[in-house]
Amino acid sequence: MEELIKKIKNSILLSSEAEEYLISISKDKIVPKGSILIRQGQTVNKIYFVTGGCLRSYCIDKSGKEHTLHFAIKNNWISDYIAIHGNESATLTIECLTKSNIIEFNANEINGMLTRFPELEPFQRDNLERLFVSLQKRILNQLQLSATERYGLFLEEYPNVEQHTRNYHIASYLGITQESLSRIRVEKAKK
Amino acid sequence: MKALQIIRYGEIKDSLALNEINKPTVQVKDVLIEVKAAAINPIDKLIILGNLQGMLPIPLPSTIAYDVSGIVVEKGDEVGNFEIGDLVFARVPQEQMGTIAEYVAVTSVAVSKKPGNISFEEAASLPLAGLTALQSLEYARIKENDKVLIHAGSGGVGSLAIQYAKAKRAYVYTTTSTNNVKWVNELGADRVIDYKTEDYKTIVKDADIVFDTLGNNYTLEAFELIKQGGRVVSIIGALDEETAKMFGMADYKLPKELAKQISAKEATYKYIFMQPNGSHLGEIKSLVEDEKIKPIIDKVYSLSESIDAFTHLASGRAKGKIVIKIA
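The listed protein sequences correspond, in order, to chains U and D. If you're matching positions, the first sequence starts at 1 in this note's numbering and goes up one per residue. If you're matching positions, the second sequence starts at 1 in this note's numbering and goes up one per residue.
In case anyone wonders, no lab produced these hints; they're calculated from the structure. Since the structure is predicted, the reported quantities are computational estimates derived from the model, not experimental observations. Check the hints yourself; a few may be wrong.
Simulated coverage check for chain U against chain D, where a stretch passes if three residues somewhere in it have a Cβ under 8 Å from a Cβ of chain D [as the list claims (entries may be wrong)]:
hint, segment
1, 1 to 8
2, 101 to 115
3, 172 to 181
Per the computed footprint, the stretches of chain D lying under chain U, defined by three or more beta-carbons under 8 Å from a beta-carbon of chain U, are [what the hints assert, rightly or not]:
hint, segment
4, 76 to 90
5, 288 to 301
Beta carbons: idealized from backbone N, C-alpha and C, even for Gly.
Let the hints inform the model, and build the full structure from the sequences given.
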C-alpha cells in the first residue's frame, strides 16, 4: 500500500485523513499463480492495483476460445470496468499469470471515498485518462500497424511479461494466430 | 434434459434414440458439466453393436459416449480444484458414461481445465484418443531420438500419437493410405509410409517402440521391427497377462507365438487399457496451448443429427474426430 500512497502523493496533496481512509478501504493481498480474481459471468465489485507480478484479463467467446484484452504489471490498475460501470455480470476473466502482489478495493468504496475526499478526484481522473489513452492507442495500432510492429510495441509496453505467458495469450492480444507469432519471433531473432 | 441413449444392441439406426431424461445429480467428488460438445469414438460403435457386453456390461437404456467439453455448473462438497464457471474437458469413467446429453456428472479426478486456445468442439475431440496416445507412449517410456512406429497415422489415436511423439522429440514412422499421406506428413511424422505402395516391414528397422493400433498380424510383425529390448504397446492386440488378471482372467496365458516373439527380442509387450485421468489431460492441455498438439476434426453434427454422426463413424471414412455440438 505504501507504494500506491507514494504514487498518489507524487501527483496530489493527500491529507492525512484521506490517507487513513484510503488505507482503511484497501486490502493488500499476495495471490498465487493461476488464481482467478474475476470470473466471466459472475458479479464484480472489485478493482485491483498491481504492486508486483503479472495478471491478464480475457474474454471467452461463444466457441470457448480466449481473447486477451489486457496485461497488468506493477503500477497498473485492472478490473472489468464494463461490468462495474453497467452493474452487469463480468464480461472478462482476470487471472494471475505469476504470483502477484495486489491491492484490492471495493468499487463502491472508491466512489464513496471520492465523494468524501474530492481532492482525490484529479488522481482518479488521471488514472482513467491514462487507461483511455492506452485503449485508444491499442485500437489505432490494431487498425494501422503490422503484426510485427504491434508485437514490438507489446514488448516495449510489457517488458519481461513474455516469460510468464503462453504464446496464445500474446497471439490473442495481438489478434494473430500462434503460427504468425512464431514466424514474427523467428524473423526478429534473425535481425 | 435431452440425451442420446442406447436402447437395445444391434444396428445403429435401430439402437439409438434421443430421449428426455432426468438431469444427473452430483456426488461429493463430482462436477456437473453443462455439455457444450461431445465426441464419439470407435468404442461407442462396438458398445452399440453389442460386441462389448461381456467386458463392459451396461444397463439399457444408457446415455452414450465418453468425451466431453463444457462448463462446470455445480460441484460436490469435496471438489476443491474446480469452481463454478470453469471451462473443462474430460473422458468420463465407464460408470458415468453418457456425454451426448445436456448435462453430465463426472468425478473431478477425471476432469481438466480446457485448453484456452481451442473451441469446445476441438476440446471434446481430444480426451479419449489423447489419453490413449499419451498413456501408451508413456508406458513405452518414449524419449528423445527414439525410433517409433505408429500404425494408422490418420486415425483418431494415431494422429494424436504422432504429435505427442514429436513433442517428445522422437523419430516417427507412420503408416497410412495414399489419400492421407499429405496431411499426416503435416502432423510432423518423419517418414510417412503409404501402405498401398510401400512395405513398412522393409522400411522400419531397429525401432525402439511400435505402437500397434491395428491388431491381427500387425501385433506379431511389430517384433520383427523392434531392436533387442524394444517395446510394443497395443490397444487392440492380445491382452498381456497382467491386464488379463485386471479383468479377472486369472488363468490367461499369452498366445504362444506372441510369447515366443517377446522372449526372442527380450521385449516388453503391453496391452494398454486407457484410464480416465485429469492430470494426464492437463499435460495434453499444455501441449495444445503450446501448439505441440492440434485437434483434428472431421465433422461437427448437432444433437438432433447425432444418430447420423454414428452412421458416419461406422463408415470408417472419417479423417479425424466426429464431434457433436450440444449447446
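Hint check results:
Proximity of the segment 1 to 8 of chain U to chain D, defined as three or more residues with a beta carbon under 8 Å from a beta carbon of that chain, is not established by the 0 residues found. Coverage of a stretch by a chain is defined here by at least three residues with a beta carbon nearer than 8 Å to that chain's beta carbons; for the segment 101 to 115 of chain U and chain D the count is 0, and the condition is violated. Residue count for the segment 172 to 181 of chain U with a Cβ under 8 Å from a Cβ of chain D: 3. That meets the three needed, and the coverage hint holds. Under a criterion of three residues with beta carbons nearer than 8 Å to beta carbons of chain U, the stated coverage of the segment 76 to 90 of chain D is upheld, 3 such residues being counted.
A count of 3 residues in the segment 288 to 301 of chain D with a Cβ less than 8 Å from any Cβ of chain U is obtained; the coverage claim is therefore met, three being the minimum.
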